[in-house]
Amino acid sequence: MAHIGVTAPVLELAGVGHAYGACTVLSGIDLHLPAGRIHALVGPSGCGKTTLLHLVAGLLPLQDGAIRNGFARSACMFQQPRLLPWKSALDNIALGLKARGVPRAARHAQARDQARRFGLDDTALAQYPQQLSGGMQSRVALARALVLSPDLLLLDEAFSALDVGLKAELYRQLLAEQARRPMAVLMITHDLMEAVRLAHAVWVMAPEPGRIATGFRFDDAPAQRTDAQVYARTAGLLDDATVRASFGLDAPAPAAPLALAAVGGLRC
Amino acid sequence: MIGIVRQWLVGLPAYLWGGWGAIASLLLLLASWEFASQWLDPLALPDPRTVLATLHGLLTDGNAWSELGVTGRRALSGFALSLGVGSALGMLAGLSMTAAMMARPWVTVLVGTPPIGWLVLAMLWFGASDGTPVFTVFVACFPPIFIGAMQGVRTLDGQLREMAQAFALPPLQRLFDLYLPHVLSYLFPAWITALGVSWKVVVMAELLATADGVGAALAVTRSQLDTAGSLAWIVAVVGSLLAVEYLLLEPVKREVERWRTLA
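In the order they appear, the protein sequences are chains Z and B.
Numbering-wise (the numbering used here), the first sequence opens with residue 151 and increments by one.
Numbering-wise (the numbering used here), the second sequence opens with residue 143 and increments by one.
The hints are simulated quantities; they were obtained by calculation from the structure and are not laboratory data.
Relax, there's no trap hidden among the hints.
Computed beta-carbon distance windows for the label pairs:
1. Z:310 x B:171: 55 to 65 Å
2. B:314 x Z:217: 27 to 37 Å
3. B:397 x Z:314: 36 to 46 Å
4. Z:332 x B:299: 31 to 41 Å
Only pairs whose alpha carbons sit at most 27 Å apart, straight line, appear in this in silico DSSO-like list of lysine-lysine:
5. Z:237 x B:395
6. B:395 x B:342
7. Z:248 x B:395
Each residue gets a CB set at the ideal place from its N, CA and C atoms; glycine is no exception.
Bound conformation, chain Z alone:
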């Protein structure tokens, strides 16, 4: 994305650490996320991924290190839809626009546009969240984030509770939105395959204290990756000794360090 010029925004983390009381959950996290790229942080439960995302989103005060967020607008999607139960789907999607002071008619029009792209019709938009299926709720949650046209999207295990079909659909929606404009995405997941499918860079975190153990780059466009490629790359990652150790998998597999390179992955 160098052609965008020197003003292209980045998210930069340098030596970020965090402790809850005496318990250090994150230490020495460095990250460089430029516009238009998708970075995934993968790791086992309890490695501090969510804490890291909360720090980036400003939901937690920064204790150690520095976070420089050059993006003007960021938006979040969480693991649970977290919709307001007393607002219709349409008003839920328009929530962030309302917070920005967009007048009612304009924000409803924008929300409706975004919703239509996600296959939500007017009947669904008039309903309250608890009348919608889980899949519909997730669509509303993603629409609520994307309608803000964020240039930085933070995903906190956003797809981990969904069935495969719905996952595939939301992946498509996300990549389509990302193809339209240079949106940076920082996603947290414990699903290696999801990271390998969507991300330009996969950072593997290890617990106690949470730190980045290793990273991999995939330079091809995520939208063009085939299932076979994704499986091969995931298998390649799972063969890596550092990755296995991070997830607490025993006995480093008979190493095939060339396998990952053969399917397009590069160790950072």
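Chain Z is fixed; fit chain B onto it per the hints.
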């Protein structure tokens, strides 16, 4: 707001039709009263028709309306004061763990102090003015409303609070879109409880402290050993409470909480 009023008017007939069960059970109570009155001395328990005739007489000579008006004004002033102050302070207390812990014992003291104790203090402070019943009603209504508001804020889902922070909701939007809709489901039952308390306490306060209002009228009927008159006033008070609660508060509550029942 206009929407809520319109919905209230549109929903009223269906709501009233749905009230047949309640009306039937009230009529059953009336029947038991009539049955009991056949066995008891009319001085102890007059039959309902005598009482209703007495009430009718009180209403037609215009006396009852002005007394009910005075009592209603006092009860509703105290209730409205409590509703405003209690809801606001309760919600503020709910925002802070420290404030909530500090407020608990105070509220327990308020709940534990008998209304008659407050009444005596109020008579010393305010004399025979309107201040006495209004203050007593205010103090008696305050605890349930305060606790309801505090609980409402404390039980708001932390995940939704985090979401509101992540989407940078400004303070006013946070109040109206996040806190109030949730807190109302705690506040409405508390308001209804407090309304009942206000009606009871105002009559007690008037009985002892003022020269007009339903309470004072009850004091007169008591001194004249007029059981039918006493019961007539009681029926008038209970009837007006039921009207306010079931014709006003309940339908508004249903409308505000529509999202909950559609699940």
